[in-house]
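Residue numbers (this note's numbering), protein chains in the order written: chain A, 1 to 299; chain B, 1 to 358; chain C, 1 to 238.
There's no promise every hint is true.
Simulated pairs of lysine-lysine, DSS-like, Cα-Cα distance not exceeding 25 Å [unchecked claim]: (1) Lys161/A with Lys15/C; (2) Lys105/C with Lys185/A; (3) Lys185/A with Lys161/A.
Rather than coming from a laboratory, the hints here were simulated on the basis of the structure. Every value quoted in this text rests on a predicted model; they were computed, and no experiment measured them.
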Amino acid sequence: MEYFLQQVINALSVGSEYALLALGLAIVFSIIGLVNFAHGELITLAGYMMFFAAATFVHNPLFLLPIGVAGAVLGAIVFERVAFRSIRNASANTGILTAFGVSIIMQNAFVIFIATRPKAVQTPEWLSSVMTIGTFSLPVLQVVETLVTAVAIGILLIVLKRTTIGMAMRAAAKDFTAVRLMGIKANMVIQAAFVVSGFLAGLAAVFIISRRGAIDPFMGSVPVLKAFVACVLGGFGSLEGAVLGGFALGIFEVLLQAFLPDDITPFRDAIVFTAICAVLVGFPDGLLGRRVELGDKEA
Amino acid sequence: MNRLRQSLINSLFPALLVLVCITVVHFFAEPFQVRVAYVFFMNLTIAIGLQIFMGNTGIVSFGHISFMGIGSYAVAILTIPLAMKRILIPDAPFGLAYVHLSIFPACVVAIAFTVLIATLFGFVLKRLTGNAAEILTLALLVITHVVFIAWIDLFRGPRALYGIPIVSTLYWAGAAAIVAIVIAKAFRDSEGGLQLRASSENLLAARAMGVPVEKLRFRAWILSSGVVAMGGILHATFLGTVGPNSYYFDQTFLIMAMVILGGMRSVSGAIIGTALVAAGSELARTLENGPVIFGEKLPTMFGLTGFFLGAVIVLSMILRRDGIMGDDEFEDVFHRWMRRRKEENSGKPSAVSTSSAS
Amino acid sequence: MLQLKNIVVQYGVVKAVRDVSLHVGKGEIVSLLGPNGAGKTSLVSAAVGILPKAAGTVTFEGRNITRCAVEQVVTFGLTLTPEGRRVFADLSVAENLHLGAATRKDRAEVAEDIDRYLKMFPILSERFHQTAKTLSGGEQQMLAIARSLMSRPKLLMLDEPSLGLAPRIVDRIFELMIELKKTGLTMLVVEQNATEALRISDRGYIMAGGTLVYEGEAAALAESEDLMEHYLGGGVAA
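Take these sequences, add in the hints, and give me the full structure.
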């Protein structure tokens, strides 16, 4: 029973991580049709912000967490302003390639200016401890990650439903011009989307870093890859799909980890991706996706 | 047939370029320059392979380097001498530890096997559109990488396989590049290539007009996988060793930058892009290692090559989205130039717009 | 109030609008008529800044807004209800109206306006919490107009408000425009349905092939059978 519960919370926490990242990707994609390859570098950026803060003026590891989140938000704003704004109305390929290039530049900038070798980052000790509920002991980090993700998604829902900018973001996913006709500034909507995506990536980053305990220039690429796959699985551009895809992926991974024989476990990622390819044969537009039709908004 | 003849004629100029290049290197180059030239032709072959898919379908592929890897590993496993295999991969499945082929049959099998894998994956890919398809190609890259690393019995995992007979020479590489160019040009100019390119402009309209988009896309995917596998074989049979990290993101960045800079819709663009990026990254690599200039030892700057490639991609996208060549091939530029000259000679104003960049 | 001078709109090498000038006076309803593809939608889209203008100037209440982005134009009091309604399909009626008032800060008055337009368009109050995509075409058109009114425009441009709607709904929409005129709203109506549009208009312009071919009093225009026949063939029959 305890083992089962541990696996459940493990699956939920891994799923949370992917869902946070996938949701950020999906929000940006739904509004400007950009597949943001550089999303993973927001995680790395958060990591190095925490590292430098710890090395200079922040001595309580608890305060490093908001600094990490702020780093990712800042990174998202800067990426949009510096790189993505100049290609705003270009084709989807221009977007994906630009973001790809930004991602390469960022990774190598970290290599050039900092180092290839991993650096340790301290996060609060209680995060990596184990808590006991009744007779069960569960890792605090996983419980906190799941709860924080649930709260973050809840807040996001409220923002999207209740605030003008949230409604504008939902509306812009379908018809950006009509949103501008309401007098709502395009830049504002897009920046808001990047801020939200940066914020969600920042949350994920804090947990990823707590789990690894160290950062390196390439740490963002694997999680973001999983998030991409989660998006495709859920249906690209669908926010619900991103969350669903993220959790499905996380749960599937943990299941494989738990039940695969030891000599097969190294193949886990290959199996996960292959399985998703198989799913896509049946659902080419993802689980919650929708076929694009003639006359639809073209990304 | 006429169309095919035309594209063969149009392949003459780039093929000639390759030949001239080889001749110059043959007579004048130092050994290390021969190596640079070899790597250039290898990358050119791969870049053109990628161009066949990306340029005609309009779908960005991050996965083609896996075909390079599969081709490389296949030829390695088939040609490493048995005695060596007993040490490196004694437990190879399917009795592969006891199979040995001479180089040519091994190349044929390697390409065929790569194409087979591409076919399997192609069934999934052809059903997806746009960004989902692009991300799936990325998944392919990861899947093959994970398999190379995890299947220790067959691929020796993260450690390199070595002992591959080093048989290929600059001429092989040049020949492969020429073959790639001819295939790419012929496909681009073929009925199917034309329809596919039209469909990449407007998928739904092309479908509505009865263009068999999926079938053609599949064909481009298969064809390009074979060409890239050729590049992989060049890699293995030149270095004599293969390892999983040669076929991952770094190589993907490099080839992508080459294709993007030149213009992904043009074969000639791939050639120009490969040349420029090869020169640029050679320079970046030199700077990276902290060269001595005017007696000053510069600091080492690891990551400079990657930084350069990323910058090439981003700047191309921001400043010249369609790459240097856009939709043009060498012959288009040549014809336009001829026409302009003729018009100037006859004193008539040029009626045709000569700018191609949009 | 609104003045378009020598507007040119170009798609690549094709000129959709060539050198068109028109004006709309305060309190007027002006129709812009013409067959399909005459360049009417391009002209109004360029006027509010959704489409780039290759040449020409736009002046609104004495202010040169030629270079202004559409977001800014709305804040000056010039709003376009676009062709094809373009309501936010996944958002509720309430949310659509709320977004229409996005430029306004006066929450209390926004709420009052919502009440006012729900009275004016009773069907919207029945559907207040439904998503816009569940509305019929006519209902969506009412929503699109109400949404535009939420920004408190001084001049409202309506692009093909009657397109694809049942005659009964079309009548209702034109009646609404008369009601709106009484409140002091100025309107520029783009229409193919010439007879109906001219009946409520003060003046009219006719466009064909990207240029202005006629302008005049609505009554005079409506009576000139030649003109109607020639440029607006379908309109007379309707």
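Do the hints match the structure? See the list:
| no. | hint | verdict |
| --- | --- | --- |
| 1 | Lys161/A with Lys15/C | violated (42 Å) |
| 2 | Lys105/C with Lys185/A | holds (15 Å) |
| 3 | Lys185/A with Lys161/A | holds (19 Å) |
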